[in-house]
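Novice: Listed below, chain by chain, are the residues.
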Amino acid sequence: MIAQAAADSINVAQNVGFGIIAAGMIFAALCVVTTSNVVHAALWLVLVLAGVAAQYILAAAEFVAVSQVLVYVGAVMVLFLFGIMLTRAQIGPEKGLNNRGWAAGIPVAVVLLGLLSWAILDAFEDTTLPDRGPTTTSRISDDVLHPYLVPFLAISFILLAAAIGAMVLARKD
Amino acid sequence: MIGLVAQVGDWPTPVVDWHALAPELVLIAGINLVLATDLLLEEGRKWATATLTGFVLLGAFVPVVTLAVIGGDVRALFDGRYVIDDFALILKALFLLTGYVVVLMSQTELEEGGYYQGEFYVLLLCSVLGMVMMTSSRDLVSVFIALELLSIPAYMLAAWRKRDRKSNEAGVKFYLLGVFASAVLLYGMSLLYGATGSTRFDEIAASLASGDLIGLQIVGITFVIAGFAFKVSAVPFHTWAPDTYEGAPTPVTAFLSVASKAAGFVALVLVIFTAFPTADGVYGPLVWVLAALTMTVGNVIALRQTNIVRMLAYSSVSQGGFILMPLAFVNSGDAAEPALKAVVVYLLVYGFTNLGAFAVVIAVARKTRSGAITSFGGLISYAPGLTVLMTLFLASLAGIPPLGGWIAKFNAFKAVLDAGSGSGYALAVVGAVNTAIAAAYYLRVMREMWMNDPPDGDRAPIVTPAPVATALGITAAGTVVLGIVPGLVLRFADLQDLTGALGG
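These protein sequences, in sequence, are chains F and D. Using the working numbering, you'd call the opening residue of the first sequence number 1 and step up by one each time. Using the working numbering, you'd call the opening residue of the second sequence number 1 and step up by one each time.
Bear in mind the hints are in silico, worked out from the structure with no lab data behind them. Keep in mind that the hints are not guaranteed to be accurate.
Covered stretches of chain F (chain D as the covering partner; in silico rule of three or more C-beta atoms under 8 Å from a C-beta of chain D) [said to hold, decoys possible]:
hint, stretch
1, 116-127
2, 145-154
3, 157-165
All C-beta atoms, glycine included, are put in the ideal place defined by N, C-alpha and C.
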């Protein structure tokens, strides 16, 4: 009974936290697509991705959250900013960033949002978060080295191929 | 600390069947070998990497043959996430052979064009490794990783002619649409995992069959099928194909249009047969519409093409429609078994025939330096051998007996008619109309070769390099033999193996 009540209160706190972070993410995501400065867009995207990491922590998936910060907020965003600096002369607000047909995307986005929200609400309406115990990190490592051994090996060759191909294509000759 | 040690003790050492994984392991060793050898070779001797790559692919073929000869039980590794059965073996053989033929076709192109050779073959081997893994994957994670492993090298191979704007365009378009498709696919997979609680295909199938489908499952299935539809360039997801095929180096185009496409179909077959066989209310109409649109739109646009590679590109889009056709009726009547056979036979026949057609295009373009269909004019007067072979390949693509393409089309139609439903007959009619339309543009090339005069009056004979000639020999033999004795491969497409291995 007490455990049940405790679980409920955790869910309430988590729901409030989820709502606040989600609102921040939506605002940041809107800024990504509306700002006229590419560097600002990249920085707003940092906020969105950090919000995702925060959501993972709320869901008690701390390993995924740390990976999210390391890979996306860290590596991918730095790569993004480097890419902008190396390839563009102008770092400031500019016009003509939007595709001319951008308005046609709105109905598609709205329909997709409605469809996905309906599907997810329909499936998980009253489900409460399961209590998974303190850590899942060791389970992830067990899974990677046992049932998912073949895809884990394959990933190293994806990275190898990407590195070789990038060098050939980017090389000046 | 004690808890940590206890958890480490829980980890079960994976039992690995090394014989079953031998084709992949040979390829992995080969990738490293080619990469290291390329570093040691001087600039003038880089051609040796092509020979080495050929041997690696043939070396990987050996365990596939021994596995097939030993036969016996289906080998399931990692709790049934990685399965070696007859279906996997025959398609592994197809991908390795396709890779070998593409190496033969690339060799002279790369040498004469002054492109990077060692890196090209390493990427090609990585892509083939992804395809070989795809055939055995019975798990969402494995399928996705295999798809990325086969696609990412292909994006870069398409842009290999760095100094050519068209090739850059080919690479960028293929890459952008490819990663977009991957994102859609991955999102669909995450929804399916959320709705069914497993990444294993057999458990997903059991979960989907256990009650009415909920919205989340329907959306997940739709996204997964749409993601793979990009890979097989089904209409309306085909827009990248013609530009990419035209801009990429021709051997890469052959590789994309055969191997990469076949791998997409393998993934589609696996998800439809093993993961959602009972959800035919969702994928049935979806695949029906995709198949009908793909055949028709591909054909109608192919009619108007004046460039041979673009024509073959649209023709391969439309051939994809025929391969999709039986997949719409996997769960109706007795159509499951013939549908699987039809798809496997079609993939094999189409692989040989289309590779052969591209090999002829490469051989002819070496002399004419042109991609126009009119550059084939009067081919019979100075290259009778190539003309006969091209006629053979085009006739097979058109489905004229007794060539392989005829058997492939016959099986596809039989599978659709076996479904015994009105929608099946309707799709068969669409297919029949399209077969007739397709014959028109294949015959146009034949007429050009046999009836017309050379556009520039140049009748100097074509010298076909030995590797390309070998490629032509292999593909022609495959096209003819599969047409006459299709029973050779039909044995391998056994439905019992595919679903039985998973307890389905």
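Novice: Each of the hints needs a verdict: does it hold here or not?
Specialist: Verification of the supplied hints:
Closer than 8 Å: that is the beta-carbon criterion, and the stretch 116-127 of chain F has 7 residues meeting it against chain D, so the requirement of 3 holds. Requiring three or more residues with a Cβ within less than 8 Å of a Cβ of chain D, the coverage given for the stretch 145-154 of chain F holds, as 9 such residues are present. Figure legend: the stretch 157-165 of chain F, annotated as covered by chain D; annotation consistent (7 residues with Cβ-Cβ distances under 8 Å, at least 3 required).
Checked against the numbered hints given earlier, this structure breaks none of them.
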